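Novice: Keeping the supplied structure of chain A fixed, place chain B upon it in accordance with the hints.
What follows is the residue order along each chain.
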Amino acid sequence: MSLRLGRGSFGDGEMLVMAIVNRTPDSFFDKGASWADDAAMERVHKVVAEGADIIDIGGVKAGPGEYVSPEDEAQRVIPFIAAVRAAYPDVVISVDTWRHEVGRAACEAGADVLNDAWGGVDPELADVAAEFSAGIICTHAGGATPRTRPHRVAYDDLMGDIIGRTTALAEAALSAGVPREGIVIDPGHDFGKNTWHSLEATRRTEEMVDTGWPVLVSTSNKDFIGETLDLPVDQRLIGSLAAVAVTAFAGARIFRVHAVEETRQVVDMVASIKGLREPSSTARGLA
Amino acid sequence: MSVVCAALVPAAPVLVPGLSGRVQPAAEAQDGARSVLRQLIDSSPDKVVVVAEGDHDGSFDQSAGLALYRLGGLPRPQDGETAAGDLLPLPLAIGAALLDDAGWAGATSYRLLSTAISSSEAAAYGAQLDDGDSRVGLLLLGNGSAKSSAKAPGSFDPNSEQFNAALLAMIEQGDRIAMSGLSADAAREQMSDVRLPLQVLAGVGSLGAAAGVIGYANEFRGVYYVCAAFNLDGSLA
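Residue numbers (my numbering), protein chains in the order written: chain A, 27 to 313; chain B, 93 to 329.
With the rest of the complex left out, here is chain A (with noise of 0.2 Å):
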């Protein structure tokens, strides 16, 4: 199936590196070390350049932590998004956020994708995203609150409730009149779940990807992957790499992550050995 993020369109079977650039003083992976304008523009330049085809722009941290208001967000992130804008033109932005005035403000300063992190909490996201015709990432999050931490999360069939949850949602946002080409579904790994409920939604992506609608996987850096391989969250590259090879193999379209460079080369690597990429040099035994 084609994407058409805003003004991306990207072909059937292509995979995408959506590289994450935070707005906040206080993420949990690199802790504010985008949060100046400057710094944030670097991270910019640097992810583009390393081959990155989304950009997503978040202004609220994911785990609890001060308050920040709706007007709060948008200046976070509003202008920001203005400023990548004039410096690439082409480029596809996302903006991080479940606050259907901060997406309409995002949409009007350029961004072309509404990444719904927390999975509809404000179903006024997908009438923004029809409005401007733009991308949205509808994520299973298990209905939990924005900003929270699972606590003895269960489920009686954990795939056949991110399935029906996500799928739901990217039903209504198509109600809604967003195009069918520009929505993706988001398995959520660590919202609403455990280390294993995570696992389980990494080995069984491809029952995502059956769904027909295209799947987006955020995997980069998250806890279940320090606590499987016992690991701080500044040594988790390698399980995050493999995380991303898993779920690329097993059809996934879009890639969140920190590592841009790293991911580009596993995602590169798996659609070749799909037989989706015709590999750079091919010389080998050729000449």
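What the hints contain is simulated information worked out from the structure, not anything from laboratory work.
Just so you know, not all the hints are guaranteed correct.
[To be verified] Partner residues aside, some chain B positions facing chain A, computed with beta carbon under 10 Å:
{"hint": "1", "residue": "A104"}
{"hint": "2", "residue": "P105"}
{"hint": "3", "residue": "P109"}
{"hint": "4", "residue": "V115"}
{"hint": "5", "residue": "A119"}
{"hint": "6", "residue": "R130"}
{"hint": "7", "residue": "I133"}
{"hint": "8", "residue": "L160"}
{"hint": "9", "residue": "L163"}
{"hint": "10", "residue": "A238"}
Predicted, not measured: the structure shown is a model, and the values here were computed from it.
Virtual Cβ for every residue (Gly too), placed ideally from N, Cα, C.
Specialist: Chain B alone, transformed into the frame defined by chain A:
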């Protein structure tokens, strides 16, 4: 006879072998839970009644399934092995698994108490358990504040320290008045599910003479655990 011993442990999945991974991050708490459960078993009860808080009332016998697969990491029962209506609610299933791990294989029944019930109703249930013909062991499931550190499920609440200290004191002293007075609002605010189990204990007649023997008291990932045993008939040294 009556309730001869009570044990309190948190309904924390991380304490269940098979769910906590290779490193066993909560090993000390697991040891603490095992030690108080062994005291419960060593009191030689005729049966164990497992009590936890939940969103509804319910009674279950030991034919009910554990359904721990819902937490991930454990295999789902095959179709027909466990009927859908026979599953223990999660905290009771945790209690059953911990009892099994501690070596209990005797008669067991389970009671889930709705958070809507009052302190006096919970105490009346405790008194009812204490008024039978058999020796009853009581397994109470619940934790203190789940807002006890920056890494807590409910983020950090500075009031958690006072809540946990008061909880530990009432357990150490077997203070039935303090247990009866636990506020439902405060417990809800702290994401604590220990109110009703302790208020059931407060209804047991012999509690007044029994202090809690603490096997473990600390926070783990921001959730305050107390593992304690109450020797209610004086049979244990």
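Novice: Would you mind marking each hint as holding or not holding in the structure?
Specialist: Right, here's what the structure says about each hint:
no.: 1; hint: A104; verdict: 8 Å, holds
no.: 2; hint: P105; verdict: 6 Å, holds
no.: 3; hint: P109; verdict: 14 Å, violated
no.: 4; hint: V115; verdict: 6 Å, holds
no.: 5; hint: A119; verdict: 14 Å, violated
no.: 6; hint: R130; verdict: 25 Å, violated
no.: 7; hint: I133; verdict: 25 Å, violated
no.: 8; hint: L160; verdict: 9 Å, holds
no.: 9; hint: L163; verdict: 5 Å, holds
no.: 10; hint: A238; verdict: 6 Å, holds
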